[in-house]
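Trainee: Based on the hints, put chain E in the right spot on chain A.
So the sequence lines, in the order shown, correspond to chains A and E.
If you count by our numbering, then the first sequence holds residues 1 to 51, one letter each, in order.
If you count by our numbering, then the second sequence holds residues 1 to 310, one letter each, in order.
No lab work stands behind these hints, which were simulated from the structure alone.
The beta carbon of each residue, even a glycine, is placed where N, CA and C say it ideally should be.
A hint or two may mislead.
Looking from chain A toward chain E, a few residues come up when the C-beta cut is under 10 angstroms (computed) [claimed, not checked]:
#1 T7
#2 A37
#3 A44
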Amino acid sequence: MATHKVTVRLNQQQLELIERTVEKGEAPDPEALIRRALREYVEAHPPAAGR
Amino acid sequence: MPGDKIVQDLVLEPGTGKALEVNKGQKLRIEQIDGGQCADFNCFNLHDYKEYFHTGRTRHMHGLHPSKGDFLWSAPPRERPMMYILEDTVGTNDVLYPRCSGFLYEYQYGLPVHTNCHDIQAEAQREYGLTPDDVHDSFNFFMHTGIDSGGRPFIARQTAKQGDHVELIALFDVLAVPNVCGADVMATSDFAFKPLRVVVSEASEEELATVPAIPTFVNQRGPADFRNARIKADRELERDPAYSPAFTNYPIRTTDLEVMLSEEEYAALRSLVATGIYGATDGEALRYAFFSWWIEKFMNGPKHFEDLKT
Numbered sequence: 001m002a003t004h005k006v007t008v009r010l011n012q013q014q015l016e017l018i019e020r021t022v023e024k025g026e027a028p029d030p031e032a033l034i035r036r037a038l039r040e041y042v043e044a045h046p047p048a049a050g051r
Numbered sequence: 001m002p003g004d005k006i007v008q009d010l011v012l013e014p015g016t017g018k019a020l021e022v023n024k025g026q027k028l029r030i031e032q033i034d035g036g037q038c039a040d041f042n043c044f045n046l047h048d049y050k051e052y053f054h055t056g057r058t059r060h061m062h063g064l065h066p067s068k069g070d071f072l073w074s075a076p077p078r079e080r081p082m083m084y085i086l087e088d089t090v091g092t093n094d095v096l097y098p099r100c101s102g103f104l105y106e107y108q109y110g111l112p113v114h115t116n117c118h119d120i121q122a123e124a125q126r127e128y129g130l131t132p133d134d135v136h137d138s139f140n141f142f143m144h145t146g147i148d149s150g151g152r153p154f155i156a157r158q159t160a161k162q163g164d165h166v167e168l169i170a171l172f173d174v175l176a177v178p179n180v181c182g183a184d185v186m187a188t189s190d191f192a193f194k195p196l197r198v199v200v201s202e203a204s205e206e207e208l209a210t211v212p213a214i215p216t217f218v219n220q221r222g223p224a225d226f227r228n229a230r231i232k233a234d235r236e237l238e239r240d241p242a243y244s245p246a247f248t249n250y251p252i253r254t255t256d257l258e259v260m261l262s263e264e265e266y267a268a269l270r271s272l273v274a275t276g277i278y279g280a281t282d283g284e285a286l287r288y289a290f291f292s293w294w295i296e297k298f299m300n301g302p303k304h305f306e307d308l309k310t
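Next up, chain A with everything else stripped away, as it sits in the complex:
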């Protein structure tokens, strides 16, 4: 499966929020959480509809 590497710049506070969310069981790791967020966000807010 083709994959694309995207680099996200985060500070220590943003990482803390991500890690706390992972610790609550929302995803197995930060990368999985971000991927889940992307999928769910785009599904809820299709770009064609605009923001």
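Mentor: Okay, now just chain E, sitting in the frame of chain A:
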């Protein structure tokens, strides 16, 4: 009101205000005698005047027109609910406009000596040793305001009628300071002063039971948490040579987190980037989408975010 155990019951005449001790569990009622009168309002912790009502946090939590079921919050870093709005028979309160002041009437009307909420508050607060510098932005009860299509605030005609009232429950001991708004040449009270009735009474068990549970947080900080808890008693500002900055989480450090996206996920990300509003790069758009999602899904309280209404 009938059957309430009354502690104080008085009339505020135009041009005046009154500092009232309202203890925890007591109720303050501000009532229209003739109707159409704005009441400006200050509030302090009775045992620590440095904790006082904050329009900004209250506006953030409850919007521009707080009403029944909302709280009056104290300023950061205290940030505690001070009073609970038990009843509001009108619903036209305002936390957008600042108090009127002597400057305003002199500048806008050419009237150097004129009733104004700042000076009325200062005079009422003087009874408890406070100074004009201690007056803070008002909660404006019965002030009918809005925002026009251009984003500018406006004052609309009064809708409060005779007998209309608000009732506030004190959540800890406070000094509550209502005043008859000093604006008679502005639209605030329809260009006429009217007296207001104020009543302090004991809230009933049933009324106290309506106050929502109030969570506490470590960031609701008081003097015991301050690096400098001493109240400055002189006016001159002088540098502390022993000062060493201790900013929270400083220095801010960034880390580059690599995220591997599937073809489908990457296409979704690119669709966001293509809009031009999520950021210029894939990484910026992914970060924006992530935190937008997080706010929508997990954030408590008002979200204040476009498309993510609470």
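Trainee: Against each hint, give a clear statement of whether it holds in the structure.
Mentor: Results of checking the hints against the structure:
1. At its closest, the beta carbon of T7 (chain A) sits 5 angstroms from a beta carbon of chain E; the interface hint therefore holds under the 10 angstroms criterion.
2. With a cut of 10 angstroms, the hint placing A37 (chain A) at the interface with chain E holds, because the nearest CB-to-CB distance is about 4 angstroms.
3. For A44 (chain A), the interface hint holds, the least distance from its beta-carbon to any beta-carbon of chain E being 7 angstroms, beneath 10 angstroms.
Taken one by one, the earlier hints all hold for this structure without exception.
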